[in-house]
Amino acid sequence: MFKFSREQKILDIAGVKIGGQPGQLPTVMIGSIFYHKHKIVIDEKTGEFNEKKAEELLMKEKEISEKTGNPRIVDVCCSWPQAFGKMIDFIARKVDGPFCIDGATAEVRIAGAKYVREVGLSDRVIYNSITPHTREDEITAIRDAKIKSAILLTLNTRNPTITGRIQVMDELLAIAQKAGIENILVDVCVIDIPDPGPISKTIYLVKEKYGLPTGAGVHNAVVMWKKKRALTPENYMLAEGVANAIPIALGANFILYGPIEYAPTAYFSCALADAYVAYNARQEYGIKPLTNNHPLYRIFK
Amino acid sequence: MLSGKEELLNKLKEAAVNGDADEVTKLSKKVIEIGIDPLEAVEKALITGVLELGEKWINGEAFIVDMIAAAEAMKAGLSILKEEIVKRGGSIKYRGKIVIGTVEGDIHDIGKSIVASLLEAAGYEVIDLGVDVPAQKFIEAIKQYNPDIIGMSALMTTTMLKQREIIEAIKQANLRDKVKIIVGGAPTTEDWAKEIGADGWAPDAASAVELVKKLLK
Chain A
1 MFKFSREQKI LDIAGVKIGG QPGQLPTVMI GSIFYHKHKI VIDEKTGEFN EKKAEELLMK
61 EKEISEKTGN PRIVDVCCSW PQAFGKMIDF IARKVDGPFC IDGATAEVRI AGAKYVREVG
121 LSDRVIYNSI TPHTREDEIT AIRDAKIKSA ILLTLNTRNP TITGRIQVMD ELLAIAQKAG
181 IENILVDVCV IDIPDPGPIS KTIYLVKEKY GLPTGAGVHN AVVMWKKKRA LTPENYMLAE
241 GVANAIPIAL GANFILYGPI EYAPTAYFSC ALADAYVAYN ARQEYGIKPL TNNHPLYRIF
301 K
Chain B
1 MLSGKEELLN KLKEAAVNGD ADEVTKLSKK VIEIGIDPLE AVEKALITGV LELGEKWING
61 EAFIVDMIAA AEAMKAGLSI LKEEIVKRGG SIKYRGKIVI GTVEGDIHDI GKSIVASLLE
121 AAGYEVIDLG VDVPAQKFIE AIKQYNPDII GMSALMTTTM LKQREIIEAI KQANLRDKVK
181 IIVGGAPTTE DWAKEIGADG WAPDAASAVE LVKKLLK
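From first to last, the protein sequence lines stand for chains A and B. For reference, each letter of the first sequence is one residue, going 1 to 301 in my numbering. For reference, each letter of the second sequence is one residue, going 1 to 217 in my numbering.
Treat the hints with care, as some may be off.
Simulated restraints, written as ranges between beta carbons of each label pair [to be verified]:
(1) A:140 with B:194: 25 to 33 Å
(2) B:52 with A:288: 50 to 58 Å
(3) A:227 with B:216: 21 to 29 Å
By construction, these hints were calculated from the structure, which means they are not laboratory data. Note that CB positions come from ideal geometry on N, CA and C, so glycine has one too.
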């Protein structure tokens, strides 16, 4: 395997450490809740949801996270501006540490930013996401909300290749700076079925050039595949596992693994990949995990 | 043995299929320089090339990135060859004309832009109205461009309601029978498309191209 020649940033976002050289820290797992058509959501418009079921999902994920050693960050998805507050409140009460606010449009994300400022949660929030198309009003809302952490999405609709994704990085960094973002995570933007290959190399290149914590939502690629060609449940889960593992082998620091219901298999595959990578880093470079909670010390028990 | 003309057109086709915009630009200029009919170059090289690629894409042998690159390369070639075609009094025969846009209140661009690129790469003329497009702009586009199909994207449950409003506005303007209307976007469904009186719905970019082909058969 490898280590990066460039020094790698390790961020501490509300208690969750993310980044570093391969083998230093466990992959941070970002799972989505209250996403569009999530069964536990009763009314997307008002933000009404089944609290008991939501809590069960969060508890289950917490247990798995503690078991494998992979920290979790909950991605709070929302489609309606007026619904965001209720969802954010709940997650902030039930989850320790950081969480993402992930609105379907700028209007929803702006509503989320204003809300976290009002209730004093800005320090715990990761804004998901800033793209090259992020407008001035959204940048102002992030800055005004004093949100310091964000995911930058390397979206390049005219050139969604490794090169195209890297090309938008400087533009994204300039937008992030304007928005007052200090803790930068880079999502290398999956758009097609075989993307887990090239986005993994993009992760490597972004980290080698910028040293920033980088990751991806490879689950989207597998879902697109499933929609196009019928996959057996076994093959679907295997595909998720492979798609999760390859970016980790190329240095990914976080995986957006999709619906929170997928936690059991997603954590298992990522933890195993983490353990393999960490064991190599230890043998080849003498790089040891920075925490005893690393999957290397847990998964094989 | 291939003639110089055939060889050049083959190279142009290959460059378009490979998504090599620089090479397509260079070869398109050469087409004009040596006096090959530019319309023939568009039809036999650029459009034929992207159609072949489209088939590969449907068969799972090519991918979105290939289709977008081919569409960009084709645009580069067209920008050079179109001018010469018009000078000669001709016009390009596309497989159909599509006006596409993300509805008012919604600034989501990704899905719509990918669909536009894929349609271009599949040989359709696409007029992209961009994002946050009000009903009036769709109506003006129908009058101005006389498209075969209007495609409306909406990413939010809030803005998908605009798809219904825009269809109603098109009806009010007595233009509904002039175009077919298709809708798409994350919150939309086939039932929704039926409910609002659209002619078709596509769950993703690949299906959108298939739907357009089916509607224009």
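Each hint, compared with the structure:
Hint check: residue 140 of chain A to residue 194 of chain B, Cβ distance near 41 Å, so the stated range 25 to 33 Å is violated. Between residue 52 of chain B and residue 288 of chain A the Cβ separation comes to about 54 Å, which falls inside the hinted range of 50 to 58 Å. Evaluation of the 21 to 29 Å hint for residue 227 of chain A and residue 216 of chain B yields a pass: the beta carbon distance comes to about 24 Å.
Consistency note: the structure conflicts with earlier hint 1 alone.
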